[in-house]
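There are 2 protein chains.
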Amino acid sequence: MDNKKQELLATAYKLIRTKGFDSFSYHDLSKEIGITKASIHYYYPSKEELGLAICDLIIRNLGRLKTTVSSLASPREKLDLYIQAMFGEVKEGLMCPILSLQAEYDVLPDSMKKKIREITEIELDIVSGILQEGLDQGIFKFDGDAVSQAALLVTSFKSATLYARVLEKDLIKRIIDQFYRQLKIEK
Amino acid sequence: MDNKKQELLATAYKLIRTKGFDSFSYHDLSKEIGITKASIHYYYPSKEELGLAICDLIIRNLGRLKTTVSSLASPREKLDLYIQAMFGEVKEGLMCPILSLQAEYDVLPDSMKKKIREITEIELDIVSGILQEGLDQGIFKFDGDAVSQAALLVTSFKSATLYARVLEKDLIKRIIDQFYRQLKIEK
DNA sequence: GTCTATACCTCGATAGAC
DNA sequence: GTCTATCGAGGTATAGAC
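In order, the protein sequence lines correspond to chains V and X.
Plus 1 on top of the position in the first sequence (first one is 1) and you've got the working numbering.
Plus 1 on top of the position in the second sequence (first one is 1) and you've got the working numbering.
It is worth saying that the hints were derived from the structure and are not from the lab.
Fair warning: there could be bad hints in the mix.
Not everything, but these chain V residues come out facing chain X in the computed CB check (under 7 Å) [claimed, not checked]:
| id | residue |
| --- | --- |
| 1 | S24 |
| 2 | S26 |
| 3 | A104 |
| 4 | Y106 |
| 5 | R118 |
| 6 | T121 |
| 7 | A161 |
| 8 | L163 |
| 9 | R166 |
| 10 | V167 |
| 11 | L172 |
Where is the CB? At the ideal position from N, CA and C, for every residue including glycine.
Can you make the complete structure from the sequences, with help from the hints?
Okay, here's the thing in structure tokens:
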């Protein structure tokens with residue numbers, strides 16, 4: 002894969018985590034990378050293709066997460082890894098890229114809508130799997146089914162990446178702690 | 002208050018719940034209301050002023066919610082009312098307007114950023130109050146403090162309004178039920 | 001591959017007639 | 001108040017030289 006193309010993708014990925022897909026422009030990319038807008042079109046002829054590349058990047062990242070999760074022994078470690086992946090770069094004011102796309106769902110092209118649905122389901126599957134395993138092993142304790150609990154966790158953590166930008170105080174830590182409390186495990 | 006002005010505000014409010022503030026245009030408003038773009042500027046000279054009016058509408062709505070909450074007897078009824086307010090129009094594909102603004106936080110003018118922070122805190126206060134009251138009365142049961150539990154609830158429900166648009170299946174019901182289970186009350 | 005130049009569109013906003 | 005007409009900025013995208 003071309004070096005410049007990768008750099009463009011990484012920068013676009015960062016920009017959807019700050020401005021959102023509709024609100025960042027080829028001009029923004031041009032400034033950050035140091036090539037002209039026209040040159041960007043050489044790598045990504047249309048913004049839709051760039052958007053699809055971002056979706057594919059997210060899918061690859063989720064695939065890697067799933068692989069690493071499989072390699073870990075305990076559900077507790079798996080959950081910690083997911084949480085770390087979710088909040089890793091939030092300190093720098095970056096929202097979850099998946100949430101960013103979900104929020105713009107209505108104004109995105111159908112090709113991207115399809116990928117966003119896929120991404121949303123993959124993530125819920127991963128977290129459901131972790132919680133189910135922890136429940137089966139008696140490590141996590143919660144009422145209801147793992148899918149519902151996963152839905153609660155994932156949706157909460159997604160918005161939490163927004164609340165961290167809007168409010169100065171760190172609500173994220175409170176939310177994570179609260180969730181750990183619900184699972185009856187020590188943080 | 003002028004009738005047309007109110008109609009414009011109501012339509013703009015709906016548009017941020019579908020497209021988002023940056024992605025809806027005066028042209029969109031023009032189509033829906035049936036007056037020209039230029040005429041809209043008579044009521045709202047700049048889009049920023051329209052944005053601020055939307056924020057004030059949200060603040061008024063939260064004020065009304067708070068008043069109604071105060072008038073209700075039981076914490077359980079109060080929580081039900083909040084949930085109804087949050088998910089009332091989600092079936093029609095509308096996301097939470099507060100979430101919509103939070104997601105675009107970075108690209109909005111400072112005047113709107115300030116209002117969004119205010120809105121975010123008001124909402125958390127309302128829900129924290131409800132949960133604290135339920136905890137004090139022994140009606141809700143949960144570990145940890147009411148603010149943390151409120152943060153978990155609010156963030157989860159916000160994203161849930163997005164998941165309802167992206168996924169066909171109704172995750173919202175699962176999430177609400179799961180939350181009620183955590184409070185150890187019957188749905 | 002990267003550039004300059006530009007086409008074409010949509011945006012928010014203004015001028016001025018009625 | 002509402003309109004037509006238009007402006008200037010900014011958006012994506014293309015043509016064509018190097």
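For each hint, the structure was consulted:
With 7 Å as the threshold, the beta carbon of V/S24 comes within range of chain X, its nearest partner Cβ sitting at about 5 Å, so the hint holds. The interface hint given for V/S26 is violated, since its Cβ lies 11 Å from the closest Cβ of chain X, which is over the 7 Å cut-off. A cut of 7 Å between beta carbons decides the hint on V/A104: the least distance to chain X is about 4 Å, and the hint holds. Among the interface hints, the one on V/Y106 holds; its C-beta lies about 6 Å from the nearest C-beta in chain X, closer than the 7 Å criterion.
Checking V/R118 against chain X by beta carbon gives a least distance of about 6 Å; that is within 7 Å, so the hint holds. With 7 Å as the threshold, the beta carbon of V/T121 comes within range of chain X, its nearest partner Cβ sitting at about 5 Å, so the hint holds. A distance limit of 7 Å between C-beta atoms decides the matter here; for V/A161 the minimum to chain X is near 5 Å, and the interface restraint holds. The restraint placing V/L163 at the interface with chain X holds, with a minimum CB-CB distance near 4 Å, inside the 7 Å limit.
Given hint, V/R166 at the interface with chain X, holds; its Cβ is 6 Å from that chain's nearest Cβ, closer than 7 Å. Because the beta carbon of V/V167 sits about 5 Å from the nearest beta carbon in chain X, less than 7 Å, this interface hint is met. Interface hint status for V/L172: upheld, as the beta-carbon distance to the closest one in chain X is roughly 5 Å, under 7 Å.
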